[in-house]
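Take a look at the letters that make up each chain.
There are 2 protein chains.
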Amino acid sequence: MKIVIDGFGGDNAPDEVLKGAALAVDKLGIEVLITGEVDTLKSRMQALGVPEKGITLVPAEGVITTEDNPLSVVKQKNNTSMGVAFNLLSEGKAQAAISAGSTAAIVVGGTTIEKRIKGVKKAALVPLMPCSGGKRYCVLDGGANLYCTAEMLQQFAIMGSCFMEATMGIKNPRVGLLNIGTEDEKGRELEHETKALLEKTPINFVGYVEAREVPLGAVDVLITDGFTGNVFLKTCEGMGALMKDALKGMFFANLKTKIGALCVKKQLGEFSAQMDYKTIGGSPLLGTAKPVFKAHGSSDAVAFLGAFRQAKLFVENNAIEKMTEAISKLKTEEVTENG
Amino acid sequence: MKIVIDGFGGDNAPDEVLKGAALAVDKLGIEVLITGEVDTLKSRMQALGVPEKGITLVPAEGVITTEDNPLSVVKQKNNTSMGVAFNLLSEGKAQAAISAGSTAAIVVGGTTIEKRIKGVKKAALVPLMPCSGGKRYCVLDGGANLYCTAEMLQQFAIMGSCFMEATMGIKNPRVGLLNIGTEDEKGRELEHETKALLEKTPINFVGYVEAREVPLGAVDVLITDGFTGNVFLKTCEGMGALMKDALKGMFFANLKTKIGALCVKKQLGEFSAQMDYKTIGGSPLLGTAKPVFKAHGSSDAVAFLGAFRQAKLFVENNAIEKMTEAISKLKTEEVTENG
Numbered sequence: 008m009k010i011v012i013d014g015f016g017g018d019n020a021p022d023e024v025l026k027g028a029a030l031a032v033d034k035l036g037i038e039v040l041i042t043g044e045v046d047t048l049k050s051r052m053q054a055l056g057v058p059e060k061g062i063t064l065v066p067a068e069g070v071i072t073t074e075d076n077p078l079s080v081v082k083q084k085n086n087t088s089m090g091v092a093f094n095l096l097s098e099g100k101a102q103a104a105i106s107a108g109s110t111a112a113i114v115v116g117g118t119t120i121e122k123r124i125k126g127v128k129k130a131a132l133v134p135l136m137p138c139s140g141g142k143r144y145c146v147l148d149g150g151a152n153l154y155c156t157a158e159m160l161q162q163f164a165i166m167g168s169c170f171m172e173a174t175m176g177i178k179n180p181r182v183g184l185l186n187i188g189t190e191d192e193k194g195r196e197l198e199h200e201t202k203a204l205l206e207k208t209p210i211n212f213v214g215y216v217e218a219r220e221v222p223l224g225a226v227d228v229l230i231t232d233g234f235t236g237n238v239f240l241k242t243c244e245g246m247g248a249l250m251k252d253a254l255k256g257m258f259f260a261n262l263k264t265k266i267g268a269l270c271v272k273k274q275l276g277e278f279s280a281q282m283d284y285k286t287i288g289g290s291p292l293l294g295t296a297k298p299v300f301k302a303h304g305s306s307d308a309v310a311f312l313g314a315f316r317q318a319k320l321f322v323e324n325n326a327i328e329k330m331t332e333a334i335s336k337l338k339t340e341e342v343t344e345n346g
Numbered sequence: 008m009k010i011v012i013d014g015f016g017g018d019n020a021p022d023e024v025l026k027g028a029a030l031a032v033d034k035l036g037i038e039v040l041i042t043g044e045v046d047t048l049k050s051r052m053q054a055l056g057v058p059e060k061g062i063t064l065v066p067a068e069g070v071i072t073t074e075d076n077p078l079s080v081v082k083q084k085n086n087t088s089m090g091v092a093f094n095l096l097s098e099g100k101a102q103a104a105i106s107a108g109s110t111a112a113i114v115v116g117g118t119t120i121e122k123r124i125k126g127v128k129k130a131a132l133v134p135l136m137p138c139s140g141g142k143r144y145c146v147l148d149g150g151a152n153l154y155c156t157a158e159m160l161q162q163f164a165i166m167g168s169c170f171m172e173a174t175m176g177i178k179n180p181r182v183g184l185l186n187i188g189t190e191d192e193k194g195r196e197l198e199h200e201t202k203a204l205l206e207k208t209p210i211n212f213v214g215y216v217e218a219r220e221v222p223l224g225a226v227d228v229l230i231t232d233g234f235t236g237n238v239f240l241k242t243c244e245g246m247g248a249l250m251k252d253a254l255k256g257m258f259f260a261n262l263k264t265k266i267g268a269l270c271v272k273k274q275l276g277e278f279s280a281q282m283d284y285k286t287i288g289g290s291p292l293l294g295t296a297k298p299v300f301k302a303h304g305s306s307d308a309v310a311f312l313g314a315f316r317q318a319k320l321f322v323e324n325n326a327i328e329k330m331t332e333a334i335s336k337l338k339t340e341e342v343t344e345n346g
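Residue numbers (this note's numbering), protein chains in the order written: chain E, 8 to 346; chain H, 8 to 346.
Calculated from the structure, these hints are not laboratory results.
There may be inaccurate statements among the hints.
Note: identical chains are not told apart, hence a pair may lie in one copy or across any two.
As the list claims (entries may be wrong) - Using 30 Å as the maximum straight-line C-alpha spacing, the simulated DSS-like pairs for lysine-lysine come out as follows:
#1 K49 <-> K202
#2 K142 <-> K255
#3 K129 <-> K34
#4 K100 <-> K122
Given the sequences, and given the hints that come with them, work out the whole structure.
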C-alpha cells in the first residue's frame with residue numbers, strides 16, 4: 008500500500024514527517040510518498056539518519072500556509088507540497104493522502120481535487136475525541152457546515168459509522184443525535200426531522216443523547232450540526248484546559264502536594280496520554296471518494312505514525328466502498344418510497 | 008427585608024429549607040416566610056431545634072412535583088407551597104421568592120403569577136458556572152428558549168450584566184457572544200445580527216468568544232441561544248464528570264496513589280468546593296418584574312443560604328430597577344432611531 012504525505016505540512020515539518028514516515032514503513036509495512044523540495048528533504052533525511060527504504064520523495068514547490076487562501080491549493084498553488092499530494096492521490100499513485108497543513112486548504116483540496124462519494128451532499132472533517140475508559144468517539148459535523156439539513160446529518164451518520172467500524176475497530180458503532188434531552192418532544196425541528204430519518208437508516212441509532220453523557224462514552228458517533236458540533240468540541244477543550252490548570256495548581260501548591268504528585272506520576276501520565284491527540288494522529292475527511300486525513304498541526308513523529316495507521320486501516324477495510332454502497336442504497340430506498 | 012421560600016421544594020425539603028432559613032435569619036439579618044403544611048413545618052422545626060426567630064410559616068397545601076404539569080402552579084395547584092410563595096411575592100408581602108422545586112413550574116409560575124419587566128420579550132433561567140480562579144460566569148439562554156432572536160439576546164445581555172454587577176459584585180461585567188471563531192465572518196446569521204445589536208448596547212461587550220475560552224474565565228456573561236447554551240452547559244457537566252472519574256481512578260489505583268491522594272486532600276477539597284453549585288445556591292429567573300430564584304433540587308442548608316444571599320443582594324442593589332431602566336432606554340433609542 009502506498010500512502011502520500013505532505014512533507015511540509017505542520018509546525019514540525021519536514022523533520023517529524025520524515026521520522027513519522029520511517030516509523031510507518033517499519034511498523035506498518037507500507038510505502039510512503041513524501042512531497043516537497045527534494046533537496047531539503049534529502050539533506051534532512053541524512054541529518055536525522057532516516058533510512059531511504061520504503062520512502063519515495065516527490066518534487067513540489069513551496070507550502071500552503073494558513074495565511075493562504077485555501078482555494079489556492081487547487082489553483083495557483085497546486086504544485087505545493089499539499090497540492091502535489093492531492094494530485095498523486097487523484098491520479099491513483101497513492102491510496103490515501105495525509106497532511107498536517109492548513110485545515111481549510113485540506114478541506115478545499117480534498118473535496119475539489121478529489122471527487123465526493125456519489126450522492127454525498129457535503130464532506131466533513133471528523134475529529135476523534137477521548138472519552139471514559141480510554142475510548143474515542145467521533146463528531147460530525149465538527150464545524151465545517153454551520154447549517155445542516157436532516158439529509159446531510161443522515162449521510163454523516165452513515166459515514167461516521169463506517170469510519171468507526173473500519174478504522175477504530177468498533178462493531179456496530181452506537182450513533183447518537185445530540186439534543187438537549189432524550190424525550191421525543193425535546194429539541195428543534197432539525198433534531199426531530201433527523202431522528203425520523205435516522206430511525207430508518209441501517210445504522211445502530213441509539214436516539215437522542217445529551218451532551219453530558221458524551222464524554223462518559225454514551226456514543227461512538229455523535230451527530231449534530233456544525234455550529235453546535237464546534238461549540239461542543241471547543242467546550243470539551245476548554246474544560247480540559249480548566250482541569251489541567253487546576254491539577255497543576257493542586258500538585259504544585261507546596262512540598263507535600265509535590266510528593267503527592269510523585270505518587271500518582273505514572274497514572275497522571277497515562278491519563279494525559281489518553282486525552283492526547285497524538286495517540287490517534289489524524290481526523291479523516293469523510294465524504295471524499297478517496298481517503299484524506301488531516302494530522303494535527305503540531306504532530307510529532309508518533310502522531311504522524313498514528314495518522315498513517317488510521318489511513319492504512321481505512322484503506323484495508325474498504326471504508327469508502329462501504330460508505331458508497333450504504334449511501335447508494337439510501338438513494339434507492341428513497342426513490343422506491345417516492346415512486 | 009422579607010424573602011419567601013417554598014418550604015416543600017427540593018429533594019431535602021422541608022428539613023434543609025428550615026435549617027437554611029435559620030442560617031439566613033442569623034447570618035443575613037433578613038426575615039423569612041416559609042410556605043407549606045404548617046403542622047409538619049412546626050414539628051420539624053422542633054425536632055431539628057430550628058429557632059422561630061425571624062421565621063413566619065404561611066399555610067399551603069401540597070407540593071408541585073416534576074411530574075405535575077408546570078401550568079398547574081398557576082391553576083389548580085396555586086395553593087401549593089410553590090404557588091403560595093409566588094402569590095406572596097406578587098402581593099408584595101415578600102421582596103423575593105426562592106424555590107428548589109420543579110424548574111418548569113418555577114419558570115411558568117415566575118413568568119405568569121409575576122409580571123415580566125416592561126418590554127422584556129422572554130424571561131431566562133440563568134445558571135452560574137465555575138471557571139478558572141474560583142470565579143463564576145452566567146449563561147443566557149441556558150435552555151429555556153431554543154430559538155432566540157437577536158433582540159432577545161440583546162435583552163439577555165443587559166439582564167445578565169445587571170445581575171452579575173448587582174449580585175456577584177462584578178464591575179462592568181464582560182459580555183461575550185458565543186461563536187465558533189472570533190473573526191467577523193464566523194458564525195450564523197443569528198451571531199452576526201446579535202453582534203451588531205450588542206455593539207450599540209450600553210454594556211461591556213467584548214465581542215465573539217469561543218467555547219474553549221469560557222471555562223478559562225474569558226467572560227462574565229455568556230450570550231447564546233437556548234439550544235447551544237444547553238449543549239454548552241451539559242458538555243461542561245459531562246467533562247467535569249469525566250475528570251472526576253479519572254481522578255478517582257488515578258488516586259485509588261494502589262497504596263502509593265492513595266498516599267498521593269492524602270498529600271493533596273486539602274487542595275482536592277478546595278477545588279471540589281469551587282466546582283460545587285452549593286457555594287452559589289441559586290439561579291435567578293431574569294426578566295420577571297420581581298426577583299425569583301431557583302435553588303438546586305438537591306440543595307442542603309448551606310446551598311439554601313447561598314440562594315438567600317443572592318436574593319438579598321439582588322434586592323438591595325436594585326437589580327430589577329436597573330434592568331427596567333436599561334431596557335426602557337433601549338426602546339426609546341430604537342424609537343428615536345426609527346423615527
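Hint by hint, here is what the structure shows:
1. K49 <-> K202: Neither, since 53 Å and 51 Å both go past 30 Å.
2. K142 <-> K255: both (24 Å within a copy, 17 Å between copies)
3. K129 <-> K34: The answer is neither: 34 Å in one copy and 60 Å across copies each exceed 30 Å.
4. K100 <-> K122: Answer is within; shortest intra-copy Cα gap is 16 Å, inter-copy 70 Å.
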